[in-house]
Amino acid sequence: MPRQLRIDFPGAMHRRCWITNEPIYGLTPNLRSQYGYWYKNFQDDSQKAWGNDLGSDPAFRFGSGGGRVAITALSVASGVKLCSMLKTPTMNVAFDPGSPFHVAYGSGDAWVHAAGESMGALRVTSIGATRYATTEAVFTVTGIPVLSSSAVLTTGSAATCLGAAINGFVRGWLHFLPFGF
Amino acid sequence: MGIILYSHPKELVWNWWRLMEGHGFTVQRNPSGGIITHARAKVKIHFVEDNHLMLVFSAPFIFFGKNLRLAKSVEDILLSVGAVKGSSQES
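So the sequence lines, in the order shown, correspond to chains W and S.
Sequential numbering from 239 applies to the first sequence in my numbering.
Sequential numbering from 4 applies to the second sequence in my numbering.
The shape of chain S in the complex, shown without the other chains (with noise of 0.2 Å):
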């Protein structure tokens, strides 16, 4: 279907984790970015090349909704610290 890039500050990568779980989530880091999760939603964040992050739904598709709003509550978080939906390259 398509995946939504967020470009982001570089000092996201040292500090997002920290961000999610003040706002009640549960993280689970790795050397490529991490799992979010909240009730039996979860969204993996994965931080990729140019300064660029990814949300991927993880969870069975059978809480597709729950992952949504959950992808959704992270995208305002990403949003309000500077993050920016898009990709800053063209290419």
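Only chain W is shown next, with the shape it has when bound in the complex (with noise of 0.2 Å):
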């Protein structure tokens, strides 16, 4: 049996919706109870063809978005697990108050921060990054899973200290790749 059901709302304002097994889209609480009677069908329905209760279905409950979200942290978290397995560099990033904040980031003991002449046209530099990092935190994550710590610590232009700490990241996965990112 194909997965879709439809089902269509009786009365003046004929809104027709299209069902999945997912979620009843746009069925607020209010349109909920004027048609009561239909969603009450709708479930009894749902539950002879997909022989499930609806009510305890993640799926109905949060939509297709909750499935991709815990498929998402899963697969997170596997990562994070199979690199400290592998034990492969981590970066660490540190939170700092600045103007009005401020953020440095490394790997190891090293750090780096954008900084320079004016905000919008930084340079990643090490000047001041250890110092900051280490006395001015305000928080750190650390053990960020990369694959290379260098490349995370590579230098160059940047427009905010944030974008920089991404763009160290990213780096930190893809410094493999043949086109020099």
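Hints may contain errors.
Partial list, derived from the structure: chain S residues whose beta carbon lies under 7 Å from chain W [claimed, not checked]: (1) Leu8; (2) Val51; (3) His55; (4) Ser90.
Pair ranges (Cβ atoms, derived) [stated by the list, open to error]: (5) W/Ser313 / S/Asn18: 43 to 49 Å; (6) W/Gly346 / S/Pro34: 41 to 47 Å; (7) S/Arg43 / W/Val376: 19 to 25 Å; (8) S/Ser83 / W/Ser388: 37 to 43 Å.
None of these hints come from the bench; they were simulated from the model.
No residue lacks a Cβ here, since even glycine has one placed at the ideal position from N, Cα and C.
Please assemble the complex out of the two chains, which come individually in their own frames, going by the hints.
Listed below in structure tokens is the structure:
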């Protein structure tokens, strides 16, 4: 049986919803009470069709997004665990007060940050980064897995400190690509 | 957001607080620099390697505007005694 049902709401509104085995999109509590009878029928039909209780089905309650989030979270957790087992290098990120905030990042004991002459025209540099990360940090996130610590510390131009940190993380993973990311 | 680096003459390390006090700011020194206070605004000055210094806002975010004005005043003082905005090195 195709996993798709159609439900036609009667009445003046002539609302028509296409329903998959996911939530009833657009069915607000108000509409649900207005069309409670049809909603109940839909539940009954669904249970017959798919043999499950939609109320306890996460895909029904949270939509397919819930499933995707769960799968993504599981994948990330597995990846982190795998990297931990393989002892890949890690990246650290320190969040500090700045103007008004600042981010320094690095790998091991080495730190870099985006600093320079003016905002928007910064360079990734090690000058002052270690001092900043060790004395000013409000909190530090450590142990973010990457593939290359040297790629994380690559210097260059940057628009913002946060952008530089994200760029460092991406470089840490994609440094082996042939097009010289 | 980023940090503004200043390269500065060596002797600034030894007399920066006198400069600031001369402009009416209160200075609290520490081993790596100090805190410059004016009204409720605070700006930290950090002397780092290779004759560079950084200015960091220190007071709570609600005083962002005051911090910004104080930082600008401090910057003007630093520039007037030979500090230069930006790093003198490429990396």
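Results for each hint:
1. Given the 7 Å rule on beta carbons, the hint for S/Leu8 holds: about 4 Å separates it from the nearest Cβ of chain W.
2. With a cut of 7 Å, the hint placing S/Val51 at the interface with chain W holds, because the nearest CB-to-CB distance is about 4 Å.
3. At a threshold of 7 Å, the smallest CB-CB gap from S/His55 to chain W is about 5 Å, leaving the interface hint in force.
4. For S/Ser90, the interface hint holds, the least distance from its beta-carbon to any beta-carbon of chain W being 6 Å, beneath 7 Å.
5. Between W/Ser313 and S/Asn18 the CB atoms are about 57 Å apart, so this pair departs from the stated range of 43 to 49 Å.
6. Between W/Gly346 and S/Pro34 the CB atoms are about 25 Å apart, so this pair departs from the stated range of 41 to 47 Å.
7. For the pair S/Arg43 and W/Val376, the supplied restraint of 19 to 25 Å holds, since their beta-carbon distance comes to about 20 Å.
8. A hinted range of 37 to 43 Å for the beta carbons of S/Ser83 and W/Ser388 is consistent with their spacing of about 40 Å.
Violation of the numbered hints given earlier is confined to hints 5, 6; the remaining hints are satisfied by the structure.
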